[in-house]
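Undergrad: Sequence:
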Amino acid sequence: IGLQTADKFGVALPADWHPGDDVIVPTAGSCGVAKERMEGKEGEMTCYDWFFCTKKLPKEEIEKKIYKK
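The numbers in the sequence shown follow the numbering used here, run straight up by one, and end at 84.
Take the hints with a grain of salt, since some may be wrong.
Taking lysine-lysine and the DSSO-like style, the derived pairs with C-alpha atoms no more than 27 Å apart in a straight line are [said to hold, decoys possible]: (1) K80 / K56; (2) K56 / K83; (3) K50 / K71; (4) K70 / K83; (5) K50 / K70; (6) K56 / K71; (7) K70 / K23; (8) K80 / K23; (9) K70 / K80; (10) K23 / K79; (11) K74 / K56; (12) K56 / K70; (13) K23 / K74; (14) K83 / K23; (15) K23 / K71; (16) K71 / K83.
Pairwise CB distance ranges (calculated) [stated by the list, open to error]: (17) G47 / K74: 31 to 39 Å; (18) T61 / G17: 19 to 27 Å; (19) D36 / F66: 18 to 26 Å; (20) K83 / C46: 33 to 41 Å; (21) S45 / I81: 25 to 33 Å; (22) E54 / E78: 27 to 35 Å; (23) T42 / Q19: 32 to 40 Å; (24) L18 / K50: 27 to 35 Å; (25) K71 / Q19: 14 to 22 Å; (26) G55 / K83: 25 to 33 Å; (27) M53 / I81: 29 to 37 Å; (28) Y82 / D37: 18 to 26 Å; (29) G58 / P34: 14 to 22 Å; (30) G47 / K83: 32 to 40 Å.
Please keep in mind that the hints were generated in silico from the structure rather than gathered at the bench. A quick note: this is a predicted structure, and the numbers were derived from the prediction, not measured. Even glycine gets a Cβ: it sits at the ideal position worked out from N, Cα and C.
The whole structure should be built from the sequences, with the hints applied where relevant.
TA: So, in structure tokens, the structure goes:
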């Protein structure tokens with residue numbers, strides 16, 4: 016389910032990741048976006064540095080997108 020989540024949501028996953036855990040957001044594409052992320056303007060992200068941000072990805076949202084029929 017980890018590879019499917021990374022593919023469907025365009026995120027990276029830390030080691031020992033389980034559905035419902037935080038996911039790693041791709042690096043910002045520009046200095047402006049990186050600055051907005053660091054200032055908290057990008058929404059529900061937690062940024063530890065300009066290049067490393069995570070966000071919540073609920074287990075229900077993952078299951079809905081991966082297992083949709």
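Undergrad: Of the hints stated earlier, which fail here?
TA: Violated hints: 2 and 23; rest satisfied.
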